[in-house]
Amino acid sequence: MLGKPTGSPGSGQSQGDSGGQEGERQRAGERVGALTIARFVKDDGRELILYTRTGDERP
Amino acid sequence: MSELRFNELRAEQIAYAIHRQERTFLPSAGRCPLCPTRPGGPETEIPFDRFEIAVFDNRFPAFEQPLGAAEVVVYTDSHEGSLATLPAEQAEALMWVWRHRYRELGAREDVHYVLIFENRGVEVGVTLHHPHGQIYGYPFLPPVPQLELAADQRLQGCAPCALLREELAVGRRVIYENEHVVAYVPYAARWAYEVHVVLREHRPSLLACEPAELELLAACLQSIVRAYDALFDRPFPYVMVVHQQPTAPTPSGLPPSGHLHIEFYPPLRTAEKLKYLAGSEQGAGTFISDTLPERSATSLREALARAAEQA
Numbered sequence: 001m002l003g004k005p006t007g008s009p010g011s012g013q014s015q016g017d018s019g020g021q022e023g024e025r026q027r028a029g030e031r032v033g034a035l036t037i038a039r040f041v042k043d044d045g046r047e048l049i050l051y052t053r054t055g056d057e058r059p
Numbered sequence: 060m061s062e063l064r065f066n067e068l069r070a071e072q073i074a075y076a077i078h079r080q081e082r083t084f085l086p087s088a089g090r091c092p093l094c095p096t097r098p099g100g101p102e103t104e105i106p107f108d109r110f111e112i113a114v115f116d117n118r119f120p121a122f123e124q125p126l127g128a129a130e131v132v133v134y135t136d137s138h139e140g141s142l143a144t145l146p147a148e149q150a151e152a153l154m155w156v157w158r159h160r161y162r163e164l165g166a167r168e169d170v171h172y173v174l175i176f177e178n179r180g181v182e183v184g185v186t187l188h189h190p191h192g193q194i195y196g197y198p199f200l201p202p203v204p205q206l207e208l209a210a211d212q213r214l215q216g217c218a219p220c221a222l223l224r225e226e227l228a229v230g231r232r233v234i235y236e237n238e239h240v241v242a243y244v245p246y247a248a249r250w251a252y253e254v255h256v257v258l259r260e261h262r263p264s265l266l267a268c269e270p271a272e273l274e275l276l277a278a279c280l281q282s283i284v285r286a287y288d289a290l291f292d293r294p295f296p297y298v299m300v301v302h303q304q305p306t307a308p309t310p311s312g313l314p315p316s317g318h319l320h321i322e323f324y325p326p327l328r329t330a331e332k333l334k335y336l337a338g339s340e341q342g343a344g345t346f347i348s349d350t351l352p353e354r355s356a357t358s359l360r361e362a363l364a365r366a367a368e369q370a
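Line by line, the protein sequences give chains V and X. Per my numbering, the first sequence runs over residues 1 to 59. Per my numbering, the second sequence runs over residues 60 to 370.
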């Protein structure tokens with residue numbers, strides 16, 4: 001079982017790292033390049049992060 | 060929790076992670092913990108019926124907070140395949156995932172060095188066949204990046220930049236080039252088919268790369284693995300390591316330098332024979348190789364051409 005995601009895949013926000021030099025860390029509506037980031041917490045406290053290419057609704 | 064002990068004779072840290080003895084060992088495909096969770100099947104590490112790229116904290120970590128990190132990077136939800144067989148856009152996405160993990164782990168106070176790597180094949184100790192890599196966040200600067208920093212000082216500049224210039228000038232050991240990336244068998248390779256993949260421009264880490272560089276870095280890595288697989292017409296075992304700038308001040312207090320490059324260490328010296336680290340390598344730290352890098356480069360260029368024909 002997983003806790004709730006702390007980021008939403010495919011949210012469409014564009015405040016993430018889009019290339020070039022260092023960007024700041026992002027949380028809500030996180031993106032990196034063309035990827036959206038969804039974070040989950042497992043029952044034992046371990047983090048699971050899913051990276052999905054923009055435009056793909058998975059998972 | 061792992062325990063660190065300093066080995067005085069080798070001047071190196073040893074990490075004792077005794078819980079790793081219990082880690083999953085070569086499960087059947089139906090019990091793979093890196094596959095998606097199938098309806099009616101056991102819950103895997105990724106409880107979704109499909110995904111693109113997943114990263115999670117290693118269940119059997121060598122390092123963990125507050126003394127480092129250990130993560131697993133699952134390249135695809137397909138149990139079969141390899142880095143070489145990923146769609147090009149998926150391999151490019153993997154470069155962005157690496158970059159993101161380097162940035163996030165490197166920002167932590169307890170992580171001094173981020174090591175992204177892949178072990179492929181039972182010959183190098185793989186315990187899960189599903190295409191994946193790992194990331195360790197070390198709570199200290201390990202010996203290899205310390206040696207790389209020393210090489211920068213010895214060569215009075217960026218050592219990977221200097222070595223790349225030399226390899227391009229000589230040319231005989233270069234096996235692949237594109238606009239942003241070069242791959243070559245190094246002049247003093249330790250392993251018979253060792254390959255180094257280097258950005259043409261000085262980039263301390265993935266964070267400094269332009270998007271086009273990440274795209275062509277992925278293309279280069281895929282080409283190298285395809286060449287390896289074509290070399291002996293078999294899945295080619297290797298250890299692949301991403302070398303980047305340390306993420307904390309160096310022990311000497313000097314600002315950390317570094318140049319992003321990827322090194323492949325394949326244990327095969329022929330189609331059937333492994334190179335073992337034996338007396339000289341373990342006792343003296345001196346590699347004895349029975350293959351000249353120039354000859355290996357020729358073989359790998361031919362294998363690369365065969366792989367391109369088959370694609």
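Calculated directly from the structure, the hints in this document are not laboratory data. From a predicted model like this one, the values you see are computed outputs, not experimental measurements. Here a beta-carbon is modelled for each residue, glycine too, at the ideal position from N, C-alpha and C. Do not take every clue at face value.
[What the hints assert, rightly or not] Listed below are several chain V residues computed to face chain X (Cβ distance under 10 Å; list not exhaustive):
hint: 1; residue: Gly29
hint: 2; residue: Leu35
hint: 3; residue: Asp44
hint: 4; residue: Leu48
The hints, checked one at a time:
1. Nearest Cβ of chain X to the Cβ of Gly29 of chain V: about 14 Å, over the 10 Å cut. The hint is violated.
2. Because the beta carbon of Leu35 of chain V sits about 5 Å from the nearest beta carbon in chain X, less than 10 Å, this interface hint is met.
3. Checking Asp44 of chain V against chain X by beta carbon gives a least distance of about 8 Å; that is within 10 Å, so the hint holds.
4. At about 4 Å, the closest approach between the beta carbon of Leu48 of chain V and any beta carbon in chain X falls short of 10 Å, and the interface hint on this residue holds.
Figure legend: structure checked against the earlier numbered hints; the only hint not met is number 1.
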